[in-house]
Amino acid sequence: MPVEVLANGWDNLVCRLGEEFLLRLPRRAMAASLVAHEQRWLPELADRLPLPVPPPARVGTPTAHYPWPWSVVPLFQGRIAARSEPDDPWSAAATLGGFLDALHAPAPSAAPVNPARGIPLAERAKGVLTGLAHVDPADRAIAVQVWETAAAAPVWDGPPV
-7 MPVEVLANGW
3 DNLVCRLGEE
13 FLLRLPRRAM
23 AASLVAHEQR
33 WLPELADRLP
43 LPVPPPARVG
53 TPTAHYPWPW
63 SVVPLFQGRI
73 AARSEPDDPW
83 SAAATLGGFL
93 DALHAPAPSA
103 APVNPARGIP
113 LAERAKGVLT
123 GLAHVDPADR
133 AIAVQVWETA
143 AAAPVWDGPP
153 V
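The numbering used here puts the first residue of the sequence shown at -7, with every later residue one more than the last.
It is possible that some hints are incorrect.
As the list claims (entries may be wrong) - Capping the alpha-carbon separation at 25 Å, the derived lysine to any residue pairs in SDA-like fashion look like this:
1. Lys118 x Val147
2. Lys118 x Trp148
3. Lys118 x Ala102
4. Lys118 x Met22
5. Lys118 x Asp93
6. Lys118 x Pro107
7. Lys118 x Ile134
8. Lys118 x Arg132
9. Lys118 x Thr141
10. Lys118 x Ala103
11. Lys118 x Trp2
12. Lys118 x Ala145
13. Lys118 x Ala97
14. Lys118 x Ala108
15. Lys118 x Pro129
16. Lys118 x Asp149
17. Lys118 x Pro100
18. Lys118 x Val138
19. Lys118 x Ser101
20. Lys118 x Gly90
21. Lys118 x Leu95
22. Lys118 x Ala84
23. Lys118 x Ala85
24. Lys118 x Ala143
25. Lys118 x Asn106
26. Lys118 x Gly89
27. Lys118 x Ala94
28. Lys118 x Ala99
If you're looking for bench data, these hints aren't it; they were derived computationally from the structure.
Note that the structure is predicted; figures quoted are calculated from it, not measured.
Produce the entire structure from the sequences given, and follow the hints as far as they go.
Quick look at the structure:
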């Protein structure tokens, strides 16, 4: 079966495996836990979401030759949304909205909690303000104003999503 590298991102290497599958291989230890979460939760999400998501067809386990979990997932044919105009923008927007609405339902009690997400924005102030110090001075004031407005928003007190 032919293998072709499609994307080599920060966390994962994605290769086409034949005509029907992709390989998702973490490139670093930090990403390995994310792949393990995908393997656990994508099948459950697939049952809850109105659009297809790629639950693993096969799960690879760490070995002496490759130290992290990896997945074989189905290849979904389609177009990259950011590079193409939808045939019917209103329908595409409604479909995307329905997907996001279904995705942002309360998480199951056993779902993993990401310590870097779902926290009050104010807890990210130091990192954000450090980053904004590198923004072009002509844009910095408005960027800081936007950040301060967002950070002042009420803290989410609902269930994790």
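For each hint, the structure was consulted:
no. : hint            : verdict
1   : Lys118 x Val147 : holds (18 Å)
2   : Lys118 x Trp148 : holds (20 Å)
3   : Lys118 x Ala102 : violated (31 Å)
4   : Lys118 x Met22  : holds (23 Å)
5   : Lys118 x Asp93  : violated (31 Å)
6   : Lys118 x Pro107 : holds (16 Å)
7   : Lys118 x Ile134 : holds (17 Å)
8   : Lys118 x Arg132 : holds (15 Å)
9   : Lys118 x Thr141 : holds (15 Å)
10  : Lys118 x Ala103 : violated (28 Å)
11  : Lys118 x Trp2   : holds (24 Å)
12  : Lys118 x Ala145 : holds (17 Å)
13  : Lys118 x Ala97  : violated (30 Å)
14  : Lys118 x Ala108 : holds (14 Å)
15  : Lys118 x Pro129 : holds (18 Å)
16  : Lys118 x Asp149 : holds (23 Å)
17  : Lys118 x Pro100 : violated (31 Å)
18  : Lys118 x Val138 : holds (15 Å)
19  : Lys118 x Ser101 : violated (31 Å)
20  : Lys118 x Gly90  : violated (35 Å)
21  : Lys118 x Leu95  : violated (30 Å)
22  : Lys118 x Ala84  : violated (38 Å)
23  : Lys118 x Ala85  : violated (35 Å)
24  : Lys118 x Ala143 : holds (12 Å)
25  : Lys118 x Asn106 : holds (19 Å)
26  : Lys118 x Gly89  : violated (33 Å)
27  : Lys118 x Ala94  : violated (33 Å)
28  : Lys118 x Ala99  : violated (29 Å)
The structure fails hints 3, 5, 10, 13, 17, 19, 20, 21, 22, 23, 26, 27, 28 (numbered hints given earlier, in ascending order).
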